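K.L.:
Residues per chain are reported as follows:
Number of protein chains: 2
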Amino acid sequence: MQKMKDLILENGTYLGSGILKVDSFINHQVDPSFMMACGEEFARLFSSVNATRILTAEISGIAPAITTGLAMDIPVVFARKSKPVTMPDQVYLTIAPSHTKGINVELIVSPEYLGEGERVLIIDDFLASGSTIMGLVRLIKAAGATLVGIGALIEKDFEGGRELLSPLGVLIESLACITHMDEHGIVLKD
Amino acid sequence: MQKMKDLILENGTYLGSGILKVDSFINHQVDPSFMMACGEEFARLFSSVNATRILTAEISGIAPAITTGLAMDIPVVFARKSKPVTMPDQVYLTIAPSHTKGINVELIVSPEYLGEGERVLIIDDFLASGSTIMGLVRLIKAAGATLVGIGALIEKDFEGGRELLSPLGVLIESLACITHMDEHGIVLKD
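Chain order of the listed sequences is E and S.
This note's numbering puts the first residue of the first sequence at 3, with every later residue one more than the last.
This note's numbering puts the first residue of the second sequence at 3, with every later residue one more than the last.
It is possible that part of the hints are untrue.
Claimed, not checked - Straight-line C-alpha distance at most 30 Å; calculated DSS-like pairs for lysine-lysine:
1) S:Lys85 with S:Lys7
2) S:Lys83 with E:Lys103
3) E:Lys7 with S:Lys23
4) E:Lys23 with S:Lys83
5) E:Lys85 with E:Lys7
6) S:Lys83 with S:Lys23
7) S:Lys103 with E:Lys83
8) S:Lys143 with S:Lys83
9) E:Lys5 with E:Lys23
10) S:Lys23 with E:Lys143
11) E:Lys143 with E:Lys5
12) E:Lys83 with E:Lys23
13) S:Lys85 with E:Lys85
14) S:Lys83 with E:Lys83
Hint data in this document are derived by calculation from the structure and do not stem from the laboratory.
These numbers were taken from a predicted model, which means no experiment stands behind them.
All chains should be modelled from the sequences, with the hints used to inform the complete structure.
P.N.:
Put into structure tokens, the structure is as follows:
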């Protein structure tokens with residue numbers, strides 16, 4: 003998606019240690035019209051998978067998940083990272099290491115909103131090491147639902163996420179793919 | 003907004019201690035089309051305030067903020083509750099007590115995305131005690147920006163939030179207002 007590539011090159015900042023700052027359009031400030039265009043692009047890319055539900059991880063996955071859900075007209079569930087008092091005692095819970103935070107993060111979904119028979123499309127902001135997304139996949143399996151696709155706004159090609167997730171045998175799409183980044187700049191796949 | 007009232011009465015659950023569970027349509031699962039209708043309603047209610055920016059608090063505020071931003075065609079900033087590595091050292095930070103979590107929560111905004119001259123509309127999921135929203139108001143003032151309105155999906159009339167915020171002198175709107183709730187049921191304002 004050309005606009006995503008342009009925004010990364012114009013406004014993305016490499017902070018070292020594999021960290022890309024995209025706070026101005028994904029992780030802190032969001033242009034809703036651009037995010038809607040991303041949702042429409044995901045809806046186009048995943049038009050053949052017959053998804054009935056979108057799963058994302060709070061926090062920065064929520065905006066693209068909502069706009070994709072709007073474009074596809076299906077519900078969105080966001081996995082929580084701490085268990086709210088409103089959740090039942092029995093939940094699906096898994097642990098995923100967070101590269102950017104350097105800690106393990108819990109991902110929690112209530113069985114009320116993820117069940118057998120659902121065809122689940124995962125939408126998240128980044129596909130990097132794939133560990134967060136693999137955590138969401140475990141929640142989908144625990145619920146007896148079916149994973150039908152994985153979409154990320156930005157992929158970091160060099161962190162191995164696609165290799166980790168490819169054996170799942172579903173369509174994996176990103177709107178921009180970074181092949182290299184260092185203090186000299188960011189290189190995107192054509 | 004009639005649909006919000008219907009959803010609260012049909013799917014909201016009172017859990018005691020002033021806690022309303024609305025996980026099926028706000029805090030864990032979201033119907034994007036309904037959330038878009040909420041955004042359009044906020045856009046209508048706040049059409050006269052000339053907002054240039056929406057501010058919300060992560061996590062459950064993000065969905066209504068995005069759809070409101072989409073309807074009004076203005077950017078959304080979500081205050082973070084922990085400082086990501088991508089934020090600069092100097093930030094606007096305030097502390098707000100969380101009623102539902104029983105702890106103090108940090109609300110953090112980068113000066114990069116909230117500045118003087120901005121006319122800021124606050125959108126959040128709940129208006130209860132008003133403490134989170136008042137925290138967002140402090141961030142707006144710290145940035146030298148102007149608060150122009152406050153919108154919440156659900157108001158709890160009996161927790162005093164409106165009384166706390168009214169002296170700010172801006173338009174305060176909620177899409178449904180709960181006047182009473184206990185183990186026997188939920189009562190909404192007409």
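K.L.:
Can the restraint linking lysine 85 (chain S) and lysine 7 (chain S) be considered satisfied, given a maximum Cα separation of 30 Å?
P.N.:
Given pair lysine 85 (chain S), lysine 7 (chain S) is violated - Cα atoms ~36 Å apart, limit 30 Å.
K.L.:
Does the alpha-carbon distance linking lysine 7 (chain E) and lysine 23 (chain S) stay inside the 30 Å limit?
P.N.:
Violated. Lysine 7 (chain E) to lysine 23 (chain S) sits at ~40 Å, over the 30 Å cutoff.
K.L.:
Decide if the proposed pair is consistent with the structure: lysine 103 (chain S) and lysine 83 (chain E), CA atoms, cutoff 30 Å inclusive.
P.N.:
Answer holds: lysine 103 (chain S) to lysine 83 (chain E) is near 14 Å, not above 30 Å.
K.L.:
So if I understand the rule, the pair passes when the alpha-carbon distance is 30 Å or less; does lysine 143 (chain S) with lysine 83 (chain S) pass?
P.N.:
It holds: about 18 Å lies between the C-alpha atoms, which stays within 30 Å.
K.L.:
For the pair supplied as a hint, lysine 85 (chain S) and lysine 85 (chain E), confirm whether the alpha-carbon distance does not exceed 30 Å.
P.N.:
holds, 20 Å
K.L.:
With a cut-off of 30 Å on the C-alpha distance, tell me whether lysine 5 (chain E) and lysine 23 (chain E) pass.
P.N.:
holds, 17 Å
K.L.:
Between lysine 85 (chain E) and lysine 7 (chain E), does the CA-CA distance stay at or below 30 Å?
P.N.:
violated, 36 Å
K.L.:
Check whether the Cα positions of lysine 143 (chain E) and lysine 5 (chain E) lie no farther apart than 30 Å.
P.N.:
violated, 34 Å
K.L.:
For lysine 23 (chain S) and lysine 143 (chain E), compute the direct alpha-carbon distance and say whether it is at most 30 Å.
P.N.:
holds, 26 Å
K.L.:
Are the Cα positions of lysine 23 (chain E) and lysine 83 (chain S) separated by 30 Å at most?
P.N.:
holds, 18 Å
K.L.:
Would you mind confirming whether the straight-line C-alpha gap from lysine 83 (chain E) to lysine 23 (chain E) stays at or under 30 Å?
P.N.:
At roughly 22 Å apart (the allowed maximum being 30 Å), lysine 23 (chain E) and lysine 83 (chain E) satisfy the hint.
K.L.:
If you draw a straight line from the CA of lysine 83 (chain S) to the CA of lysine 83 (chain E), is it 30 Å or shorter?
P.N.:
holds, 13 Å
In the structure shown, a violation is registered for the earlier hints numbered 1, 3, 5 and 11, in ascending order.
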